Amino acid sequence: MGDKILFPNELVIKTDYFDIHQDWEVPIPGFFIIAPLRKLKSFDDFSDEEAIEFVNLLRKVRKGMRTILKIDEVYFFQNEDSEHGFHLWVFPRHDWMNEFGRKIQSVRPIIDYSKENMLSDDVFKAVKDCVKKMRVFMSEV
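Count the sequence shown with my numbering and you get residues 178 to 318, in order.
Calculated directly from the structure, the hints in this document are not laboratory data. Quick caveat: nothing in here was measured; it's all calculated off a predicted structure. Just so you know, even glycine gets a beta-carbon here, dropped at the ideal spot from N, CA and C. Careful: at least some of the hints might be erroneous.
Within a straight-line C-alpha distance of at most 27 angstroms, the following computed BS3-like cross-link-like pairs (lysine-lysine) qualify [what the hints assert, rightly or not]:
(1) K302 with K191
(2) K247 with K302
(3) K247 with K292
(4) K247 with K237
(5) K237 with K309
(6) K310 with K181
(7) K310 with K191
(8) K216 with K302
(9) K302 with K181
(10) K280 with K240
(11) K280 with K191
(12) K305 with K247
(13) K191 with K216
(14) K280 with K292
(15) K305 with K181
(16) K237 with K305
(17) K216 with K247
(18) K302 with K240
Pair by pair, the computed Cβ-Cβ distance ranges are [what the hints assert, rightly or not]:
(19) Y252 with D196: 36 to 44 angstroms
(20) R312 with W273: 31 to 39 angstroms
(21) V232 with K309: 38 to 46 angstroms
(22) D193 with E276: 35 to 43 angstroms
(23) K310 with W273: 15 to 23 angstroms
(24) L214 with E317: 18 to 26 angstroms
(25) F254 with E317: 20 to 28 angstroms
(26) F254 with S297: 22 to 30 angstroms
(27) N275 with L214: 21 to 29 angstroms
(28) D306 with A212: 20 to 28 angstroms
(29) R236 with D272: 21 to 29 angstroms
(30) E257 with R285: 17 to 25 angstroms
(31) D221 with L296: 19 to 27 angstroms
Work the whole structure out from these sequences, hints included.
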């Protein structure tokens, strides 16, 4: 399938410094990316204002995932050698993923499985529903 963009418009929130959106290529509900609007490489490139907003956004998105989407556990990933610049994966752990194991090594097989087996209208609807619910949650004060 390659790097096909499946979800080009699934934005949860855009702030002065960041946006949070559904991963564009992976059909896993609640797989969110937090990315700065500026081109950065690392946490230490953040201004003080960006650092404060990042932590607050991360806390709020995680709370929404737990309370609204009922996602009990997530993995956080950020690699500084990404060609796409700084971004943080907030990777949800769904029950169906347990068969792949619970270590970092399980993530790539889960992503591959989702790209090969979860390209259905039901999954796309679930992804969009998660984004919609989180958009409402994140817009609340």
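Hints and how they fare:
Between K302 and K191, the direct Cα distance comes to roughly 22 angstroms. Compliance with the 27 angstroms bound is thereby established for this hinted pair. For the proposed pair K247 and K302, the alpha carbon gap of about 17 angstroms is at most 27 angstroms, so the pair holds. At most 27 angstroms may separate the alpha-carbon atoms for a hinted pair to count; K247 and K292 meet this at roughly 23 angstroms. For the given pair, K247 sits about 14 angstroms from K237 by alpha-carbon distance, which is consistent with the 27 angstroms threshold.
Among the hinted pairs, K237 with K309 is consistent with the structure: their alpha-carbon atoms are about 15 angstroms apart, no more than 27 angstroms. Pair hint K310 plus K181 holds up; C-alpha atoms about 24 angstroms apart against a cutoff of 27 angstroms. Pair hint K310 plus K191 holds up; C-alpha atoms about 15 angstroms apart against a cutoff of 27 angstroms. Distance hint between K216 and K302 is unfulfilled; the C-alpha atoms sit about 31 angstroms from each other, more than 27 angstroms.
With a C-alpha separation of about 18 angstroms, the suggested pair K302 and K181 falls inside the 27 angstroms cut-off, and the hint holds. For the hint pairing K280 with K240, the CA-to-CA distance comes to about 22 angstroms; that is within 27 angstroms, so the pair holds. For the given pair, K280 sits about 31 angstroms from K191 by alpha-carbon distance, which is inconsistent with the 27 angstroms threshold. Taken as a hint, the K305 and K247 pair is honoured in the structure, with Cα atoms around 15 angstroms apart against an allowance of 27 angstroms.
This hinted pair checks out: K191 and K216 have alpha carbons roughly 15 angstroms apart, not beyond 27 angstroms. With a CA separation close to 20 angstroms, the supplied pair K280 and K292 stays within the 27 angstroms bound. With a CA separation close to 17 angstroms, the supplied pair K305 and K181 stays within the 27 angstroms bound. With a C-alpha separation of about 19 angstroms, the suggested pairing of K237 with K305 holds against the 27 angstroms cut-off.
The straight-line distance between the Cα atoms of K216 and K247 is roughly 32 angstroms, outside the 27 angstroms bound, and the hint therefore fails. Among the hinted pairs, K302 with K240 is consistent with the structure: their alpha-carbon atoms are about 22 angstroms apart, no more than 27 angstroms. About 20 angstroms separates the C-beta atoms of Y252 and D196, a value inconsistent with the hinted range of 36 to 44 angstroms. The hinted window of 31 to 39 angstroms between R312 and W273 is violated, with their beta carbons roughly 24 angstroms apart.
Between V232 and K309 the CB atoms are about 25 angstroms apart, so this pair departs from the stated range of 38 to 46 angstroms. The hinted range of 35 to 43 angstroms is satisfied by D193 and E276, whose Cβ atoms lie roughly 41 angstroms apart. Range check, K310 to W273: Cβ separation about 19 angstroms, and the 15 to 23 angstroms hint holds. A hinted range of 18 to 26 angstroms for the beta carbons of L214 and E317 is consistent with their spacing of about 22 angstroms.
At about 27 angstroms, the CB distance of F254 to E317 agrees with the hint of 20 to 28 angstroms. Our hint of 22 to 30 angstroms for F254 and S297 holds, since their Cβ atoms are close to 26 angstroms apart. The hint said 21 to 29 angstroms for the Cβ distance between N275 and L214, and at roughly 36 angstroms that hint is violated. D306 and A212 have their C-beta atoms about 22 angstroms apart, which keeps the hinted 20 to 28 angstroms range intact.
For R236 and D272, the Cβ-Cβ distance of about 24 angstroms falls inside the hinted range of 21 to 29 angstroms, so the restraint holds. Checking the proposed 17 to 25 angstroms range against E257 and R285 shows it holds: the Cβ atoms sit about 19 angstroms from each other. Between D221 and L296 the beta carbons are some 38 angstroms apart, a value that contradicts the proposed interval 19 to 27 angstroms.
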